[in-house]
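Go by the hints and put chain B onto chain A.
Each chain is listed here by its residues.
Number of protein chains: 2
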Amino acid sequence: MLGTVLYGTGDVRCEEVVEPKILKPTDAIIKLSASCVCGSDLWAYRGVRDVNEPLAMGHEYCGVVVEVGSAVKTIKPGQFVVGSFCLSDNTCPHCQFGFQSSCEQREFMVGAQAPYARVPLADGTLVATAEMPSDDLIPSLLAVSDVLGTGWYAADAAGVQEGSTVVVVGDGAVGLMGVLSAKQMGAGRIIAMSRHKTRQDLALEFGATDIVSERGDEGVARIKEMTNGVGADSVLECVGMKESMMQAINCARPGGKIGFVGVPHGVELDGQMLFFQQKSLLGGPAPVRRYLPHLMDLVLTRQINPGKVFDLEIPLADVAEGYKAMDERRAIKSLLRM
Amino acid sequence: MLGTVLYGTGDVRCEEVVEPKILKPTDAIIKLSASCVCGSDLWAYRGVRDVNEPLAMGHEYCGVVVEVGSAVKTIKPGQFVVGSFCLSDNTCPHCQFGFQSSCEQREFMVGAQAPYARVPLADGTLVATAEMPSDDLIPSLLAVSDVLGTGWYAADAAGVQEGSTVVVVGDGAVGLMGVLSAKQMGAGRIIAMSRHKTRQDLALEFGATDIVSERGDEGVARIKEMTNGVGADSVLECVGMKESMMQAINCARPGGKIGFVGVPHGVELDGQMLFFQQKSLLGGPAPVRRYLPHLMDLVLTRQINPGKVFDLEIPLADVAEGYKAMDERRAIKSLLRM
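Protein chains in written order, with the working numbering: chain A, 5 to 342; chain B, 5 to 342.
The hints are simulated quantities; they were obtained by calculation from the structure and are not laboratory data. Fair warning: this is a prediction, and the values are worked out from it, not measured in the lab. Don't be surprised by glycine CBs; every beta carbon is placed ideally from N, CA and C. Don't take every hint at face value.
To be verified - Beyond 10 Å from chain A on every Cβ pair, some chain B residues (computed): (1) M5; (2) E19; (3) G82; (4) M136; (5) S217; (6) A225; (7) Q307; (8) A329.
Unchecked claim - Computed, partial: chain A to chain B, Cβ under 7 Å: (9) F101; (10) G259; (11) V271; (12) L286; (13) G288.
Bound-form chain A, shown alone (with noise of 0.2 Å):
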């Protein structure tokens, strides 16, 4: 079959890789509906992250069961599911706890940017629906496995609440899924930082009641200014620069909480200014299969439509297109049809 693999700065190719196998009696092997690239693949592609070794790419996914392992029990083959992106066996204490990224056994998602796809831990980690959804939801369902969680998470560790006061640093993906998010936990007032005007468009669209274009200092001082001196409530930071924290951080009030869901680089924060601050942080990898019940309910009866954050759909075989589109800024997610 064909699959994504990532060999260095600016080189993913699809290419004819091996068809996955159930290798653990907890795997199973799934048919996906679609597959898309993540803002976190872009680490790699760019040459942020260090790349020693061909990466198979792709770790959003929903699709149709076709194979189990022998100790899978409650997934069946036939089933349509949706997973995290963090892998997770859902009994540990971790889990129970709701942190199922940080799962006892963990682990991440690969290859699956490709038409079928193994996914360990299958019992812990997928959800499957009542009936084969429609085919204008796979779209949404799989924005669900990653970006929208991812969103939604940055939210929850914001504390996002009826009535709060939202900033949202980046416009990316994630800042729009949490956008959407913020509405949808009934915050009073959304603001998204913003300076291209389809993604202003968008994160409108997804319920920000204001868009600031201003970043930095600058953007600190709007929102200072909007929020008469006083600041966020909850601020989430979707970006992972030491400079989208640092906006993250100072246009929060004291007492005010941060979720930041931009994996860091270069990051280093002063333990004396995060002291003085006085704002709360809560990152990470985001338990999406906490929110998978809720958030797959949203998109089947349609409260939500997360999909629309896909403004670019391409084969598979174009990958490297949907990479470079989104490198550039050209699209904002790039979706991709088996």
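Just chain B now, with coordinates in the frame of chain A:
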């Protein structure tokens, strides 16, 4: 009158100083019932914090109001009051959110290691008792002003609740007050990390269920062992050094919370480490004003006895010995009698 002035490393003196006067209409002058030396006073005493000019020391206080400025409305001469080491108007948005230690008008108290002190923002800062408290309650009421309020905030920021497993890093006065606070909040298990017999004993008296004398990686391994490999729900960091901060972070479970109240010195935190640790961090100067009414009530009704943390009681004239004994860890906390 006599007052306490720090001139440089190891050089603190009790000497003749000018009596405080009303400088602003929102000020009050109080006659202190007692004062004390704070662990944070030692940063300057030890030369960890630069001292560029003589410092009027002391920020913990309780006593009787002798005079108020023309704009002071609720506080009256003759009242017994306790105030926070952070002075606040208690009306600005940050105060309303319960973060009075980040008040828009915040000042830090100074000059309270003396018989009289000026308290700016008196109406916002001070809480009066209904009647004159009995003498034996003075040490506990004084403790509320900072050391107990700070330990309480650490437990609150660490999300301690009914049944929580709590670890306290640091066996100084604040750490011991953290133990007492966690106990009051209903923690199920309170593990005090301490290697000093007298402090271990006091921790047990304040409600610790376990003592761990190992520190660093060994200490973390011990905590993991005691929690079936999971880690603690809540960790109180009450030191402020790089090692203690990492110890605190490593002792918490994913999704757990760290309340850090030791003023960080030389602490740099790597963003990616914080991300993958997936633990919540909240620190800062304690918003003691938020807790004052509740904590004063617990003391006045004799439900808690935080004053036990003072294990050295000396006249103000001997304040230098109070610092020295704490610096050499011969005393946990020094009470100064006027």
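The hints, checked one at a time:
no., hint, in the structure
1, M5, "32 Å, holds"
2, E19, "31 Å, holds"
3, G82, "34 Å, holds"
4, M136, "34 Å, holds"
5, S217, "25 Å, holds"
6, A225, "16 Å, holds"
7, Q307, "27 Å, holds"
8, A329, "27 Å, holds"
9, F101, "5 Å, holds"
10, G259, "4 Å, holds"
11, V271, "3 Å, holds"
12, L286, "4 Å, holds"
13, G288, "3 Å, holds"
Violation of the numbered hints given earlier is absent; every hint is satisfied by the structure.
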